[in-house]
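**Student:** Sequence:
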Amino acid sequence: MRKKWCVECLGAALAAALFLFGCSAENNGGVANGGESANGDPAEVKPDTQAVQVVEPIDAPLYVFEILEERIAAADSTDSVKVAHIVDLLARPRVEQHLMNHVPLDSAVERAKYETLAAFGVDSLQYAMDSNAVLLAIAAMMQNRLSKEESQNFIGSLGEDLKGDGVWNDPNWKIQVADWIVGLDSNWRYGEIRNNVTSAYGGNVPNFESYMRGFIPLAYAFEPCTDANAGTVVHVNQGQSAYFANDYETSDHSAVRFICDANGFQWRLAQPMEKDTVGFGPGEYDKEIREGRVIHDNYYIFDTGAWRLATPQEADGFTDLVEVYANLAADEKAVFIIRHSERTGETGAKGHLTDNGKKYAQDLGKRLAAVNQEKFYFGYSGYTRTQETCENIAAGYGQSKYDLEVLAGLDGDWYMKDSLKFESYSNSDGGGWVVCSKYAFLGAYPDVFYDLETRSEELLQNEILANLGKMKRVNFLVTHDYLVVPLLAYVTNGHANVRFYEKWKWVNYMAGVAMIISADGSVRYIPVKGLETGVM
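9 is the number of the first residue of the sequence shown in my numbering; add one for each residue after it.
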């Protein structure tokens with residue numbers, strides 16, 4: 009069982025050693041959790057939930073303190089090389105090597121000490137100004153998650169590694185230590201190290217944290233963080249690391265990334281928005297949606313001149329159709345203009361729904377029935393799959409008698425004026441989805457399609473609103489993707505997330521547009537989805 013007096017005893021020895029070096033026992037720099045850096049800037053870093061978490065208790069650096077205490081107690085009074093702290097202990101083999109090379113004792117000790125410090129990314133000025141913090145950081149790193157015996161072996165191994173040329177040559181150990189620090193940093197568990205040594209420092213623990221964090225870029229071989237690369241975000245490309253990534257945007261192994269922070273010029277864990285939006289630049293248009301570069305489940309929206317995290321609805325761009333139905337006012341009418349459910353490979357007029365497609369439509373009907381019971385009106389394009397979508401929604405809803413009409417305006421070619429040219433462009437320009445979405449959002453192919461605004465208003469005014477008299481309070485008009493995508497582009501002012509030519513997003517089955525007609529005749533439009541997502 010570890011005894012408190014051991015830590016206090018070592019604390020006295022450390023304090024004496026620090027006094028010999030002329031260093032204050034007060035906090036001399038670095039950054040503590042929730043504290044400030046020397047220039048007074050806030051330095052707290054929020055946890056990065058993408059980092060591997062350290063879950064075991066943190067004992068560092070108590071085993072190292074015990075090892076040092078035992079070494080100091082066992083020292084021979086005739087020993088010409090004294091050991092007062094962890095750097096002395098690590099540098100001891102290197103001192104012996106210098107002595108064998110006929111370097112004078114004082115010079116050998118001094119050289120070995122600064123070579124050892126350099127192995128941890130610490131220079132002579134940092135040590136001279138802040139030795140308390142440096143020594144504590146190195147002691148903690150030497151223990152990391154190891155037992156006392158393992159810590160002792162690690163100290164011996166590193167000393168031997170440094171002996172030959174004064175350089176830490178084993179990358180595996182460096183990366184293991186760096187990975188452990190990243191785990192601490194992700195939840196800011198440095199406080200446990202601080203608590204472990206409070207009594208040893210008389211309650212005045214130096215700010216050691218920045219020296220531990222400073223070891224991370226050294227181990228991962230990052231460029232120095234300077235004004236020239238401030239804001240740069242990088243991935244770990246060392247395969248030995250738990251945070252290794254094949255490239256910046258591949259996150260199947262690790263989504264951890266590091267940013268060169270202009271506030272203090274130090275590498276730190278990048279927060280989700282920092283790593284996801286780096287390199288985005290300005291949006292191409294207002295309300296543009298982009299997938300996160302690293303966390304691909306995150307979506308960002310360009311809003312009022314800046315990127316921000318999109319809400320789930322903004323990211324998908326669609327509201328659950330059932331939610332819209334549930335919130336429909338008693339004096340409002342709704343017309344749901346949606347794509348058919350999942351179809352078979354047959355794209356002609358006689359193509360059917362798949363078994364899944366029928367189930368999806370029935371499930372939508374069941375969810376609608378859980379909200380309310382009334383009579384729906386159904387219109388379709390004349391294609392078998394659009395008819396079957398209507399029939400299966402009605403079946404799930406429990407409506408056995410209903411109006412079901414073919415409406416000419418629901419034909420998938422509504423926006424198209426030259427189908428032969430459409431086929432030609434589809435073959436040459438990447439497919440029909442590319443051609444249709446470029447028309448809808450860019451106004452491309454005017455020789456193939458009608459003017460978007462004019463044709464959309466003809467559909468809404470002449471084919472739908474003009475026929476409200478024969479419809480019900482709630483109506484389903486089932487059509488095709490080549491109608492729904494341009495209509496979505498029109499009613500959302502180009503914000504719908506179905507720019508296949510750019511984002512590879514296409515309208516999903518049973519997604520489309522809800523027309524909500526108020527009692528005063530005003531109309532609003534809501535992109536809606538009948539499945540979990542509005543895009544595919």
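To be clear, the hints were calculated from the coordinates, so they are not data collected in a lab. What you are looking at is a predicted structure, and each value in this text was computed from that prediction instead of being measured. Where is the CB? At the ideal position from N, CA and C, for every residue including glycine. Treat the hints with caution; some may be incorrect.
[Said to hold, decoys possible] Within a straight-line C-alpha distance of at most 30 Å, the following computed DSS-like cross-link-like pairs (lysine-lysine) qualify:
| # | residue 1 | residue 2 |
| --- | --- | --- |
| 1 | 409 | 425 |
| 2 | 429 | 478 |
| 3 | 366 | 480 |
| 4 | 358 | 374 |
| 5 | 409 | 358 |
| 6 | 171 | 156 |
| 7 | 341 | 429 |
| 8 | 295 | 358 |
| 9 | 480 | 429 |
| 10 | 425 | 367 |
| 11 | 478 | 446 |
| 12 | 295 | 446 |
| 13 | 171 | 90 |
[Said to hold, decoys possible] Derived Cβ-Cβ restraints for the label pairs, each shown as a range:
| # | residue 1 | residue 2 | range |
| --- | --- | --- | --- |
| 14 | 113 | 173 | 11 to 21 Å |
| 15 | 353 | 390 | 12 to 22 Å |
| 16 | 454 | 544 | 21 to 31 Å |
| 17 | 540 | 177 | 19 to 29 Å |
| 18 | 428 | 381 | 45 to 55 Å |
| 19 | 235 | 428 | 27 to 37 Å |
**Student:** Now tell me if each hint is right for this structure.
**Tutor:** Tested hints:
1. Between residue 409 and residue 425 the CA atoms are separated by roughly 36 Å; this puts the pair beyond 30 Å, and the hint is violated.
2. Proximity of residue 429 to residue 478 is assessed by CA-CA distance (about 37 Å); at most 30 Å being required, the pair is judged violated.
3. Distance restraint check for residue 366 and residue 480: the Cα-Cα separation of roughly 24 Å lies within the 30 Å cut-off, and the hinted pair is therefore satisfied.
4. For the proposed pair residue 358 and residue 374, the alpha carbon gap of about 26 Å is at most 30 Å, so the pair holds.
5. Between residue 409 and residue 358 the CA atoms are separated by roughly 24 Å; this keeps the pair inside 30 Å, and the hint holds.
6. Between residue 171 and residue 156, the direct Cα distance comes to roughly 23 Å. Compliance with the 30 Å bound is thereby established for this hinted pair.
7. With a CA separation close to 38 Å, the supplied pair residue 341 and residue 429 exceeds the 30 Å bound.
8. With a C-alpha separation of about 39 Å, the suggested pairing of residue 295 with residue 358 is violated against the 30 Å cut-off.
9. For the proposed pair residue 480 and residue 429, the alpha carbon gap of about 39 Å is over 30 Å, so the pair is violated.
10. The suggested pairing of residue 425 with residue 367 is violated, with an alpha-carbon distance near 35 Å, which exceeds 30 Å.
11. In summary, the hint linking residue 478 to residue 446 is not supported, as the alpha carbons are separated by about 35 Å, beyond the 30 Å threshold.
12. With a C-alpha separation of about 17 Å, the suggested pair residue 295 and residue 446 falls inside the 30 Å cut-off, and the hint holds.
13. Taken as a hint, the residue 171 and residue 90 pair is honoured in the structure, with Cα atoms around 17 Å apart against an allowance of 30 Å.
14. Range check, residue 113 to residue 173: Cβ separation about 20 Å, and the 11 to 21 Å hint holds.
15. Between residue 353 and residue 390 the C-beta distance comes to about 20 Å, which sits within the given range of 12 to 22 Å.
16. Look at residue 454 against residue 544: about 27 Å separates their beta carbons, and that is inside 21 to 31 Å.
17. Between residue 540 and residue 177, the C-beta spacing of about 53 Å breaks the proposed range 19 to 29 Å.
18. Taking 45 to 55 Å as the suggested C-beta distance range, the pair residue 428 and residue 381 conforms, at roughly 47 Å.
19. One distance hint, 27 to 37 Å for the beta-carbon pair residue 235 and residue 428, is violated here, with the actual separation near 59 Å.
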